[in-house]
Amino acid sequence: MEKSVLRDPGFYVMVAIGLAAMLILPVVLDMFTIMQITQYVVLAVFALSLGYIWGFGGILSFGQAAFFGLGAYTFAVAAINIGETTIPLILAFAIPCLFGAALGYFIFYGRLSDVYLGVVTMVVTLLFWKLANHTAGPEYAIGAARLGGFNGIPSIPVMNIPGEPEAMLDPVQMFQVFMGFLIVVYIVLRLLIASDFGRVSIGIRENETRASLLGYDVRRHKLVVFAIGSGIAGLAGAMWATYQAFIDPNAFSMEMSAKALVWVMAGGVGTLVGPIIGVILLQWLTLKLGTMELLNSLAVLGAIMMVLVLALPKGIVPTLRKLIVDGWTLARRKKTGGKADE
Amino acid sequence: MSDWTNILETRGLTMQFGGVTAVDEVDFTLRDGELRCLLGPNGAGKSTFFKCLTGQLIPTRGTVTFKGQDMTGWNTHDIVNLGIGIKTQMPNVFDGVSVYENVRLSSRRKHMAAQAKELAEKTLERCGITHLAKREVGYLSHGQRQLVELAMVLAAEPALILLDEPAAGMTGEERDRLARLVLESARSAAVIVVEHDMVFIRQIAKFVTVFNRGAIFREAMIDEIMADREVQEIYLGKQANAASA
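So the sequence lines, in the order shown, correspond to chains E and A.
With UniProt numbering as the guide, the letters of the first sequence map in order to residues 1 to 342.
With UniProt numbering as the guide, the letters of the second sequence map in order to residues 1 to 245.
Don't take each hint at face value.
As the list claims (entries may be wrong) - What follows is a list of derived Cβ distance ranges for each label pair:
| no. | chain 1 | residue 1 | chain 2 | residue 2 | range |
| --- | --- | --- | --- | --- | --- |
| 1 | A | G43 | E | H134 | 55 to 61 Å |
| 2 | E | I324 | A | Q89 | 38 to 44 Å |
| 3 | A | E219 | E | L312 | 43 to 49 Å |
| 4 | A | T171 | E | L312 | 35 to 41 Å |
What the hints assert, rightly or not - Stretch-level coverage of chain E by chain A, calculated; a stretch enters the list once three of its residues show a Cβ under 8 Å from a Cβ in chain A:
| no. | segment |
| --- | --- |
| 5 | 127-141 |
| 6 | 197-209 |
Hints listed in this document are in silico derivations from the structure and should not be mistaken for laboratory results.
Note that the coordinates shown come from a computational prediction; the quantities given were computed from them, not determined experimentally.
We treat Cβ as the ideally placed atom computed from N, Cα and C, and that holds for glycine.
All chains should be built: construct the whole structure from the sequences, respecting the hints.
This is the structure we're talking about:
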């Protein structure tokens, strides 16, 4: 946990798997499947945003969709007005990040406890959802972009190569670029978590009182973590908007926030791989259950969730990791005749 | 800042919770480099007093002055950064990470990474917990956690050390080491120790302040305090009442 990222083989394995998926999948899979997987990639970035602030900053947000939706709308409005997608993508990170910082200022400097943090983030999401739903008239437009209320914003530009608005990405290229985003977000978060800043965050997660008794400004620290998570959620929102070429107020829905929580919880809080695996597993299951039409997919998912929480309360990845480490220790102990250290 | 003789002074310090006055008009003075023991029955307001000193509670009335600087109402981290370290009554440690990391997070506050590492290792050794360095703190015994927290306090190199029941849960051997550590630390810092363990108090105490019902009840040398009938009564009276109840 505390050793340098650069000396952790797991880190390289994960990046290698990511790069391999990015390069090999388009060769072996058909385009429809690739487009399906692109969806997982976008949602994995979204899940990472919550996995980071929850698992490594101790901030349990029930409103991660607020930033996801804000990023999506920012991207849509900016892209329609500007006519290209590079600056909108940057804005889709920056604006939710700033909004997260502003909201975080009131939450953390106002010393709201965890429960109220949950309530405030949830209410902010609902406010956005309500607001976005009430922008149906033609008077609700930002520049050339009509917000469209519950009908959403159609015809959002597809991502283009920076500086060349005409060079739009095809679905396979989009998948590869998004995989690139996911890998970069993963690497940046891993480095951040291993940095001194990240170690203090973990300290704050473990014991806020002690962190402040060591002289760390807990409020400022949590604000920065929250803002970074908000920016990443916004980026995921932008990816979602350009992937679908469409966005509606459901980006702000409670379901989006809840799903993020479920993915992170199922995959494992306190890991970065966990949320990604949570997304892939649960989204794939939802899809399969949806096509079977045998049972209500939400009911089955709920049941699976309950089983996961009861059987693997720490999540899939931490449980697997423990099994492997225990197995390894046991094997070594047998080899050395019961003299394995630790 | 420079014009001070007492490292810590409180004037009229009062902390009320609703109708309860936990700390009542306390005028407390500590000289630089002094080692002071704070005694008093449970509920006398010792821990609340500590919390007022470190900004974990904002006093209802009165002032706290550290090195001539009035810091009443400051944020905890700002107070701590002036040079105050506290070991709380129930250990406040980072359970999910290793002992080493706990201590390093403390030493890293004021030092660059390389010095922080060195200081953390040195402090672990001083506290006799080097063999636990890699263990996760959440799995340690209460006494060991106390030592980890003490190491965190010492690694910050504070000018004033507050220790709230540091010997609780310790084995005899651990307690003796703790006493040596406290005496050793008192050579470079002012120290206030709250403790009930009389064997421990005997090992370290010189001048003692006795709290009762939120106020200072007596201040005298330890032998005088031990011989004081009224002090015995506030301690024993409580126990006698509890036994008859």
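Comparing the hints with the structure gives:
no. : hint                          : result
1   : G43(A) / H134(E): 55 to 61 Å  : 56 Å, holds
2   : I324(E) / Q89(A): 38 to 44 Å  : 39 Å, holds
3   : E219(A) / L312(E): 43 to 49 Å : 58 Å, violated
4   : T171(A) / L312(E): 35 to 41 Å : 38 Å, holds
5   : 127-141                       : violated (count 0)
6   : 197-209                       : holds (count 8)
Of the numbered hints listed earlier, those contradicted by the structure are 3, 5.
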